[in-house]
Each structure stands twice: as C-alpha cells, then as structure tokens.
Amino acid sequence: MRTSTKKVVLAAALAGLLLPLGACSAQSSADDGTSPIKVGVIGDFSAGSADMGVAMRQGVEMAADEFNADGGVDGREVELVFYDDEGDAQKATTGAQHLADREKVTAVLGNPNTGTAIATVKVTQARGVPQIVPIAQSPEVMEGDTEYTFRTSATNPMDIAVLVEYAKSQGWEKIGLLHDTSAYGLSGVDLIESQVAESGLDLVATERYEVGAVDLTPQALKLKNAGADAVVMWSLGADGARFALNTDGMGWDVPLLGGRGLLFNIFGELAGAAGEGTYATGGFDITKPEGAAFAEMMQDTFSTTDSIDFAVLGYDAASVLFDAMTRVGADGATDRDKVRDAIEETTDFPTVHGQEGASISFGPDDHEGASESAVVVVTYGPDGWSTN
Amino acid sequence: METFIQLTLVGLTTGTIYGIVALGFSIIYASSSILNFAQGDFVMVGGMTGALIYGTTQNYLLAALGALVAGVAIAGVVYFAAVKPLLARRASAIVIVMATLALAIVIEAVAQHLFGPSIRHLPPIVSGGSVQILGAAVGIQNLMVLAITIPLVVVLWLYLYRTRSGLDVRAVGVDRGAAELLGVRTRRITMGGFLVSGLLGALAGFLLTPILGATPTMGLSYSVTGFIAAVVGGIANPFAALAGGVVVGLLEVYVSGYISSSFTEVAVFLMLPIALLLRPDGFFVPKVARKR
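Chains A and B, in that order, give the protein sequences.
Take the numbering used here: the final residue in the first sequence is number 388, and no numbers are missing along the way.
Take the numbering used here: the final residue in the second sequence is number 1292, and no numbers are missing along the way.
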C-alpha cells in the first residue's frame, strides 16, 4: 500500500514537471497565423466579490465582441477563456497555471481582487505570459518582479490623493478617519495619514470598527468631539451606509468621503436618503460622451448597468491588450513576448474610464498605466452615484 | 452626560441583539449541554431568506414568515443530521460541538450557492431613520428589534419558570441523566431547544437585515460574539446569557467611546478568559443555582 502510494506521488510529481515543458513546445508549433488568439480572463465570478468580477468580465466581453466585429487582428479573432477564481488566492494560482499551460493563452486579463491578482501575477511572470490587471488597486500587486505585469486601473494612492485634494478644495481642514479592520480597511490607513499630512490638512482622529458592527455611533461621537469637519471612511458599502445613518441620526451634518468600497448597491439600499451627499472615488464618468455611450452599450448587451464602474475598467484593460496585439500584427499576435513589448509601448491610449482626456501609457520602467486623471469623484444622490 | 446617554442607549440596543443570539446558545445548552456553533447561521438564514423572499415577492409578511420557517428548518437539520444521531451513540460533548461547527461551514457554503454571494437587504419596518430619546439618537429599526424580541423573551421566561414542562426543560439542563430517570423525555426537549433557538436566531437575522444587510458569511461572527456573551452571563441560564449580551454591547460602546475603538475587539475577547477565571458559571447566575 505504502509503496504504491509513493509511486503515484512520484508519477504525479514527474507529470507535473514535464507538463509545462510539453506545453511550451506545443505553443510554438501550434500557431498557424490564422487560428483565434486565446486570452485568459480570470476573476471572482461566483463568490463574495462576484459583483465586481462579473462586471469586469462583461466589460471584457464587450471589448472582445467589438474588436472581433471590426475584424480582429487582420482577420484573426480573439477568443476569451474564462476562469473563476472565487476570490481565492489558491484557486487563482491554479487558474493562472491552467490558463497559461493548458489553454495556452497569449495573455491574461485579471484579477479584480488584490489577493488573487498578487497570486496570478506570480504565475504569469514566471511563465512569461503578459497580464493586465484591470481593477485591483493595491500597490502590493506591482511590488514584485513585474516584467510581464501591467496595470490599467488607478491605484489606491491615486484615489486617496484625489480624495484628499477634493477635501482640501472644499475647505475642509480637520479630517477624521474611519476604517474597518479588514485587509481593505487597513490598506488605506497609512496612505490616508501621509496624504492628509502632505497636503497640509489636519488628521484629528482615527476610529475603527469590525466589518458588520451593529452601530457606529460611538465612533461618530469621537470623531465629532475631535472636531472633524469631514470624515474619510475607508469602508465597504454596508458599513459606510450605517455610518451615514448614524451621523444623520445624531444630527451631525458632516461631509463623508470614501473609496470605491462604497460603490456597491448595498450602500444606497441601506442608507437611503441619509447617504445622499456622500462622496467617493470611482472610475466612471457618465457625463463624458464616451461614458454615456458605454453605459448604453452595456445596457443593450447585458440589460443592466450594475457595477458599471468595474465593467468599464475591464473594457479598457481589454482594449489596451487588443490594441497592442493589433500593432504586433496577425503573424506574431500569439507570441507572448511580442505582445508584452507592444503593451509596454502603449502611449496615450484613450480610456473610457476616468476624467475627460484620461489615457493609459506604459514604459520600460513604468507598468502603472493610469494617472490621477483616471479617478473621478462621484456623489451619491437619489439616482445613485454620479459625477459632480 | 449627553455622550454617556448616547453611548448607553446604543450599547443597550446592540447588546440586546447579541443577547438574543446568546439566548439561543443558552437554550440549547440548557436543554442538552451542547454548544451549538451553527447558532450564527440561524441568524444568517433568517436574514438571507427574508431578503430573498422580499426581493422576489415584495411581501414583508411573507418574507418574515419564510425567514422564521427557514430558521426552524435549518435548526431541525442541525438537530436531526448531527446532534440526534451523535447523542444516540453517546458521543462526547466535544464531538457534538465539532459536528455543529462542521455543519456551520456546510450551511455557509450551501447558502453561498443558494442565495448567491452578494450582500442583500430589506427595507426597515418603519422608515424614518432614528428618534431622539433624552437627547440621544437611536435607530428606529434598532428599537423595533427590541420591541419585537423582548416580549418573546418574556414569554419564554414565563414558559421556563411558570409551567410544568418548563420545569422539565430546566431539569434536563441541571442533570440530564437524573431527569431521564424521572421520566422526562429528554430527547424531545433537546429537539424543542434547537427549534426555538432556530426561530429566535432567524427572527434576529430578519430584524437585523435592514440595519446590516445579510451575507452568507455573516454567521460565524454572531456565533463568536453570542458565545462570549453567553459565557459572560452564564450559559446554563438563558436570561443570564441575555444579560451577558447586554454587558458585551455596553462594554463595546464604552471602550469605543471613552478609550479607543482600537481596543474594542480586544476588550470583548478578554471578557471570555476573565469570566472563565472569575465566574466560570457566568456573572448573572444566582449563586444558589451554581453547582459546586
């Protein structure tokens, strides 16, 4: 029994070693210059953050349909291969391996979540598969070796810089900070503290809570007593809504500002009118013509514009990739290195997301494609989040 | 003073919510000496089912009924799938506790597939946000939670302390073997404990959803807070457990409001070892009722 188990393990280990080799040789010989170009799309399509992942996928699908309808890369179509990582880093690693080795995709788009993006980037980097990260905002995603990794979304520091600048422009000088104790909540604390100090504003108090805390009135009282004239809440939608309700109940009329964690439907569902006037950073501006056209296209294709902020980011990341492939041409469009080089040469590629005139540019030393112009400040009103 | 009143009101309402979960823990413990770590999932199932039914039918009453039925049903599943067969095999208490924990994980996974992963919501029973009491603001929905659960708790107390069959239940909690010898139908009482506990949990979940939203993963944190509250108050006595919930709720707000919200979680978790060291039977269990 024991020896046979050993044999199986050994065989599996050997198979594991040989598989990537086989995959590599297969890739170079399979391409005939006309077959579809495979692109992997990986994200959470079914678990806790599926709102975001599904919207990203819808954006990518719209970009691919549009691109293929226009003739693809000189007649070569793009074929999307989806992998559901369920928001789990382990599954993301398996998924990235599957896409790179079994599906032999030319490039990968994803993942929307920070934790899974970090896991996938390690795999694609090791295998030399170009990857574009469309949504995940944490700096950690790009902290390792990133020769093959590109990001098209704005980063947390960009969002926070825009938010703090906005507070300053409104004349709010004493900033209170509220955040949860999840990875998301904690990720903003240091950045907000340093940004607030840098811009000459005063951080008067920092309060925290556990995600799902029943009542945030104690935190609101402390921030009020500390004299805050605006509160930055680095919170998720439901908790942000509760804080808006609690401050409203206390009769404390204080401006609230937050990040993209607020942009989930639950914020408005729970907060209702108390949430009105809350500011948040977002990526989507419906007042610019490209934004309005995108909203219409999404409505026509999927009969919804839910989580459009994330859909537009998926769309732009895919568009950047397809543009790079077009520049490579039909012959080399499945060559991972050529595509990587072409992505790196992307300059001033106009995006649908972001402010008027926002664009993506990469360079040999700069794989963060977005800038602060990719960040839009949106306000919650009776009809949901919209641009100021 | 104003701050004190505000904090106290918030602590009392939040604490009562924890207390309801602790009460559920305690009812099961009192009727079977089992710690049921699927307790928080009764809350989750109530919230999710209510939100789902309301989302499709827009009928509040139907949603409430559905939530309660689902809570009782899921408690029945825990009892019949894990507790009853293990009790029949005279499994040790720790095995049964682990079984409830395992089932809690299964329930959560099934809920993710059935309900979908997103956070869901229900409108409040009465719209309008909050009211002023003694110059302090309290959410109307928070008050509704109290207005609906407290009468139920009173009914439960009357049943346990003023009826013959309530005496049977308490007898099982004190000494299951002796009660069985005296002809008390202990299994039926244990089953009843689970079902009532499922009902209470689902009710709490339904009433909390307009405040917090409901997600398939929310159960565990209620199990943990409810457990701490139950131990602090006295897990063998449902009303001591309820009082434990209020203490935890007050502690949370006083620490957040007067010291720092950085210490809130630490303070709550510290309650557990402190209670176990000083009063292992709980702070609110009358001394005469304590076993030596």
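Simulated from the structure, these hints should not be mistaken for lab results.
A hint or two may mislead.
[Unchecked claim] From chain A, some residues computed to sit far from chain B (all C-beta separations above 10 Å):
1. Ser46
2. Arg102
3. Tyr209
[Claimed, not checked] A few chain B residues that face chain A, going by a derived Cβ cut-off under 7 Å, partial list only:
4. Ser1118
5. Ile1119
6. Ile1125
7. Gly1129
8. Val1253
Being a predicted model, the structure only gives us computed values, none of them experimental.
In this text, a Cβ means the ideal position worked out from N, Cα and C, and glycines have one as well.
Tested hints:
In this structure A/Ser46 is not separated from chain B by more than 10 Å, as the shortest Cβ-Cβ distance comes to only about 7 Å. Look at A/Arg102: its CB is around 26 Å from the nearest CB on chain B, clear of 10 Å, so calling it non-interface holds up. For A/Tyr209, the condition that its CB be more than 10 Å from all CB atoms of chain B is violated, with the nearest at approximately 6 Å. Below 7 Å, beta-carbon pairs count as interface contacts, and B/Ser1118 has one with chain A at about 6 Å; its hint therefore holds.
The restraint placing B/Ile1119 at the interface with chain A holds, with a minimum CB-CB distance near 5 Å, inside the 7 Å limit. Interface hint status for B/Ile1125: violated, as the beta-carbon distance to the closest one in chain A is roughly 14 Å, over 7 Å. Annotation: interface hint on B/Gly1129 holds; nearest CB of chain A at approximately 6 Å, less than 7 Å. For B/Val1253, the interface hint holds, the least distance from its beta-carbon to any beta-carbon of chain A being 5 Å, beneath 7 Å.
The structure shown violates the earlier hints numbered 1, 3 and 6.
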